[in-house]
Amino acid sequence: MGRILLLVELKGGNDGLNTLVPYADPRYRELRAGIGVPRERVVQLDERVGLHERLEPLMDAWKAGDLAIVQGVGYPYPNRSHFRSIEIWDTASAASQTLSEGWIAQAFRGARLAKGIGVDCIVADTNALPSTGPSLRTIVMQDAENFLRQANAIATESAMTDGGNPALHHLLAVRQEINAAAVGLRDRLRDAPAPAEAFPQELLLGRQLDLATRILSARVPVLAIKVALGGFDTHANQPPTHERLLASLASNLAVLRRNLIAADLWKDVVVVTYSEFGRRAKQNASGGTDHGTSAPHFVMGGSVKGGLHGVYPSLSDLQDGDLRHTVDFRNVFATLALGCWGQSYDFGLRQPQRLGFLA
Amino acid sequence: MSAGFSTGLWSVTSSRAASAMGFDDARHLLSRASFGVTPAGIHALEALDYAAAVDGLLANPRREALTPAPGWIGMGPTELQRRQKAAEAQRKQGVDGKKPEIVLPVREQGRELRNWWVEEMIATDQPLVERMTLFWHGHFTSSLAKVRYPSSLFHQNALFRREALGNYASLLRAVARDPAMLIYLDGRGSVARQPNENFARELLELFTLGEGQYDEDDVKAAARAFTGWSVDRESGQFVERPGRHDDGQKTFLGKSGRFGGDEILTILLAQPRTAETIVEKLWREFVSLKPDPAEVARLAVGFRGGGYEIKPLMRALFLSAAFRDPANRGALIKSPVDLIVGSVRVLGLPIPEKTGLVRMLQGLGQVPFDPPNVKGWAGGESWISTYTLLLRQQFLRRMIEATTVAPMDGAMRMAERPNRRADRREQLPAPETMQMMDPPRPVEGRSLRNAGNEVRLGPTLTGVDNAVLLRALLPRQPVDGVDASGTAGSVVASALLDTAYQLK
Chain A
1 MGRILLLVEL
11 KGGNDGLNTL
21 VPYADPRYRE
31 LRAGIGVPRE
41 RVVQLDERVG
51 LHERLEPLMD
61 AWKAGDLAIV
71 QGVGYPYPNR
81 SHFRSIEIWD
91 TASAASQTLS
101 EGWIAQAFRG
111 ARLAKGIGVD
121 CIVADTNALP
131 STGPSLRTIV
141 MQDAENFLRQ
151 ANAIATESAM
161 TDGGNPALHH
171 LLAVRQEINA
181 AAVGLRDRLR
191 DAPAPAEAFP
201 QELLLGRQLD
211 LATRILSARV
221 PVLAIKVALG
231 GFDTHANQPP
241 THERLLASLA
251 SNLAVLRRNL
261 IAADLWKDVV
271 VVTYSEFGRR
281 AKQNASGGTD
291 HGTSAPHFVM
301 GGSVKGGLHG
311 VYPSLSDLQD
321 GDLRHTVDFR
331 NVFATLALGC
341 WGQSYDFGLR
351 QPQRLGFLA
Chain B
360 MSAGFSTGLW
370 SVTSSRAASA
380 MGFDDARHLL
390 SRASFGVTPA
400 GIHALEALDY
410 AAAVDGLLAN
420 PRREALTPAP
430 GWIGMGPTEL
440 QRRQKAAEAQ
450 RKQGVDGKKP
460 EIVLPVREQG
470 RELRNWWVEE
480 MIATDQPLVE
490 RMTLFWHGHF
500 TSSLAKVRYP
510 SSLFHQNALF
520 RREALGNYAS
530 LLRAVARDPA
540 MLIYLDGRGS
550 VARQPNENFA
560 RELLELFTLG
570 EGQYDEDDVK
580 AAARAFTGWS
590 VDRESGQFVE
600 RPGRHDDGQK
610 TFLGKSGRFG
620 GDEILTILLA
630 QPRTAETIVE
640 KLWREFVSLK
650 PDPAEVARLA
660 VGFRGGGYEI
670 KPLMRALFLS
680 AAFRDPANRG
690 ALIKSPVDLI
700 VGSVRVLGLP
710 IPEKTGLVRM
720 LQGLGQVPFD
730 PPNVKGWAGG
740 ESWISTYTLL
750 LRQQFLRRMI
760 EATTVAPMDG
770 AMRMAERPNR
780 RADRREQLPA
790 PETMQMMDPP
800 RPVEGRSLRN
810 AGNEVRLGPT
820 LTGVDNAVLL
830 RALLPRQPVD
840 GVDASGTAGS
850 VVASALLDTA
860 YQLK
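As given, the protein sequences belong to chains A and B, one line each in that order.
Just so you know, we're using this note's numbering here: the first sequence kicks off at 1 and counts up by one.
Just so you know, we're using this note's numbering here: the second sequence kicks off at 360 and counts up by one.
FYI, nobody ran anything at the bench for these hints, they're computed from the structure.
Don't be surprised by glycine CBs; every beta carbon is placed ideally from N, CA and C.
Don't take every hint at face value.
Said to hold, decoys possible - Far from chain A by the CB rule (all over 12 angstroms, computed), these chain B residues:
| # | residue |
| --- | --- |
| 1 | A448 |
| 2 | E471 |
| 3 | A551 |
| 4 | E575 |
| 5 | S594 |
| 6 | A629 |
| 7 | E639 |
| 8 | V660 |
| 9 | N687 |
| 10 | A737 |
| 11 | T745 |
| 12 | R756 |
| 13 | Q861 |
Said to hold, decoys possible - Distance condition first, Cα-Cα at most 25 angstroms in a straight line; then the derived DMTMM-like pairs of lysine to aspartate or glutamate:
| # | chain 1 | residue 1 | chain 2 | residue 2 |
| --- | --- | --- | --- | --- |
| 14 | A | K11 | B | D651 |
| 15 | B | K444 | B | E467 |
| 16 | A | K11 | B | E570 |
| 17 | B | K505 | A | E202 |
| 18 | A | K11 | A | D320 |
| 19 | B | K640 | A | E101 |
| 20 | A | K11 | B | D574 |
| 21 | B | K640 | B | D414 |
| 22 | B | K734 | A | E87 |
| 23 | B | K579 | A | E101 |
| 24 | B | K451 | A | E87 |
| 25 | B | K649 | A | E101 |
| 26 | B | K579 | B | E593 |
| 27 | A | K11 | B | D729 |
| 28 | B | K505 | A | D320 |
| 29 | B | K579 | A | E202 |
| 30 | B | K640 | A | E243 |
| 31 | A | K282 | B | E575 |
| 32 | B | K614 | B | D651 |
| 33 | B | K444 | B | E570 |
| 34 | B | K670 | B | D383 |
| 35 | B | K649 | B | E575 |
| 36 | B | K734 | A | E101 |
| 37 | B | K640 | B | D574 |
| 38 | B | K614 | A | D320 |
| 39 | B | K451 | A | E202 |
| 40 | B | K444 | B | E460 |
The shape of chain A in the complex, shown without the other chains:
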């Protein structure tokens, strides 16, 4: 076992209907009269759905059978607040429940982790909640060189205790993490080769994936790496923004795949996208979409079983104008926890289901 999870958060709530387009459904044209993706701009995957043409760079992976698309991912009693909903995802909680520990940390609760190199998860964006928890050590960094240079200059030990001051306690704990990680990462990252193919640099995602690729090629033994792409909260004039984001996501993931194949790492990595919610089925009057519920998500990797998984939510059986979810995201997480790390954890689901995208 032992695959590294690469989480890609799509911040703001990605519009699933214009990502994996149910082009054959006449209801889609009604709901999306102004901003629907025209048939000729859909890359057909089967007789019902297809990808937005801007996702074309993902088709290599699709044809090679290492791109899975899980349809209708969501959860019961959906919350439409960005903050609450991403927290529900990141902590794998029920909508009615507030947890403070991230889902990856939960999966390793009580597990005996090898001491490793002082860091378990590396977050290249800013939201570290999925791996936040007492069982894991997470480092947030934007690039390796700066991290190491700055870590060298920080004080190492202190005899001081926090004296019951929670703010100071936090500061000292963070400092401790930096020191431990720097010790473990220093030599490995210094010698990491640059990716064979450069990532597009116009958005932060490219730089974050560059860092991820270096970490992977340096064989840093982490459990997960997290990156993010923001800007999906498309309430008004959606198409130009959304298309630009999809194009960027697809081209970056395609470069990642080629780099990892070249480095013979593609079988050891599982890339997963997620987002706080999809968007309302019916477009609004501003040429955009409001907060919705379920959406499709991508899973990629050399050991992924490609194809469509789950069922596309019905467009004629909406719930308060939103798509009913067909796959609970906690089943996606449970499948990943087992498939990547051999951790069996049900995230509080009464009837957990093993999904078929990861052997």
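Chain A is already provided as a structure; the job is to place chain B on it using the hints.
Showing chain B alone in chain A's frame:
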């Protein structure tokens, strides 16, 4: 390490005149109500009665910024768009196949706007007003990234300053009609035929009641009530379009009527939760990371009962036992603005151009006019991650070395004496003109670290005893050990780099 330095310095001081608040209370009040604490600032307060000092801080709040506004604040959105398009076209066209350096007005005005506010926070004689302005900006968020019309954000900022210590109900009503907000949360395009829920949802979730206090039908009803409130494309002003307003019957929080936006706000202001939301948030900002529910309820009742006047609420907060509890000293983490603006003020560093400071604020996660999302800055412990802690230390090391090294990232450099006019006159001095106005005169050969008393530490720190210096700069004992017997420069340098300096 801490030879010649006793921890007793931080213990509560003993004998003093009955009404004088003393060093520690004065320091604490300033650390929360000002930007940066200086020995001079403490000295001005310590002999006063505590309540009198609080009243002094709140008396006659400044309602307008000291720093002159940028020149373009009257420009309407249509005109700005026209210029933006022209600049984009010019840039695309190119000159002799080369991409010319064309300044895009939206980006440039945004840069000037951020610099303007940072300048004001450094220059102001009433830091509490700027703190409150920043608080309301973090509460009623709007961002340049989405709005792309800087002058609307300037006017929104002026509103926050005018009502900084004014009245929350008036502020809420003004915000609902505020052009930047109408653009940011898509209210301007919300019409009866298809109401846009963005503003309505955040109004309930973030601005007033808080999550879990309403249901989806309330969001939909509120969205309908605000339809027709829009922004005029020519002038950029608020405009009401009755033809696009949904005049029908609505049920909102159990009340029914043909509500418009103002009725929705009235209903929200009558809810006890609204006042509690604000008090809780102010508590986290000014008192401690853990609001005391009983105290919050008490203060909220007074806040609502007093017609949402902000000044009496802040007075009650500063006078509360929790605020003055020694356990809460040094119990908050400095925000990036606290750290950067505060350090610049404390050191009296002249920084004629603010772009470098804004870039640092961006790295640390708090760009003025660009909150990360509609919830504003999460603050508290989230300010400190493995990434930002390292960046904070790097910023402070640069501040310390800035006494010798002329350029800081090309943007921060020392001048012989404070020159704030540079920012005011032009907002964007071209590099050549700047050198003409103010030729670089690097201070020779020493950083703060190995400088003696003669080093220019800025007007606020010179001639102050080392022990007092340390007590003014740090809210508690040093964490990493500071040698108080060195030169003034080295004491300041090691205090700034001590972990305790991250606290307030």
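Right, here's what the structure says about each hint:
1. A448: holds, 18 angstroms
2. E471: The claim holds: B/E471 sits with its nearest Cβ about 24 angstroms from chain A, beyond 12 angstroms.
3. A551: Not fine: 9 angstroms to the nearest Cβ puts B/A551 too close to chain A.
4. E575: With a cut-off of 12 angstroms, B/E575 comes too close to chain A, as the shortest Cβ separation is near 6 angstroms.
5. S594: Holds, because the least Cβ-Cβ distance between B/S594 and chain A comes to about 20 angstroms, which exceeds 12 angstroms.
6. A629: holds, 23 angstroms
7. E639: Given a closest Cβ separation of 15 angstroms, the condition holds.
8. V660: Given a closest Cβ separation of 26 angstroms, the condition holds.
9. N687: violated, 9 angstroms
10. A737: violated, 9 angstroms
11. T745: violated, 5 angstroms
12. R756: Non-interface label on B/R756 violated, nearest chain A Cβ at 7 angstroms vs cutoff 12 angstroms.
13. Q861: Nearest chain A Cβ is 6 angstroms from B/Q861, so the label is violated.
14. A/K11 - B/D651: violated, 33 angstroms
15. B/K444 - B/E467: Satisfied, since the Cα-Cα distance of roughly 14 angstroms is no more than 25 angstroms.
16. A/K11 - B/E570: With a Cα-Cα distance of about 20 angstroms, the restraint between A/K11 and B/E570 holds, given a limit of 25 angstroms.
17. B/K505 - A/E202: holds, 18 angstroms
18. A/K11 - A/D320: Measuring from Cα to Cα gives roughly 23 angstroms; hence the hint holds.
19. B/K640 - A/E101: holds, 23 angstroms
20. A/K11 - B/D574: holds, 24 angstroms
21. B/K640 - B/D414: Holds, because 22 angstroms separates the two Cα atoms, which is no more than 25 angstroms.
22. B/K734 - A/E87: Given pair B/K734, A/E87 holds - Cα atoms ~13 angstroms apart, limit 25 angstroms.
23. B/K579 - A/E101: Violated: B/K579 and A/E101 sit about 33 angstroms apart, past 25 angstroms.
24. B/K451 - A/E87: With Cα atoms ~42 angstroms apart, B/K451 and A/E87 exceed 25 angstroms; violated.
25. B/K649 - A/E101: Given that 25 angstroms is the threshold and the Cα spacing comes to 19 angstroms, the pair holds.
26. B/K579 - B/E593: violated, 30 angstroms
27. A/K11 - B/D729: This hinted pair holds, its Cα atoms lying about 16 angstroms apart.
28. B/K505 - A/D320: violated, 28 angstroms
29. B/K579 - A/E202: Violated - the C-alpha atoms of A/E202 and B/K579 are around 38 angstroms apart, more than 25 angstroms.
30. B/K640 - A/E243: Not satisfied, since the Cα-Cα distance of roughly 37 angstroms exceeds 25 angstroms.
31. A/K282 - B/E575: holds, 16 angstroms
32. B/K614 - B/D651: Not satisfied, since the Cα-Cα distance of roughly 31 angstroms exceeds 25 angstroms.
33. B/K444 - B/E570: Violated, because 41 angstroms separates the two Cα atoms, which is more than 25 angstroms.
34. B/K670 - B/D383: holds, 24 angstroms
35. B/K649 - B/E575: Distance ~30 angstroms between B/K649 and B/E575 Cα, so the pair is violated.
36. B/K734 - A/E101: holds, 21 angstroms
37. B/K640 - B/D574: holds, 22 angstroms
38. B/K614 - A/D320: holds, 22 angstroms
39. B/K451 - A/E202: Given that 25 angstroms is the threshold and the Cα spacing comes to 17 angstroms, the pair holds.
40. B/K444 - B/E460: holds, 15 angstroms
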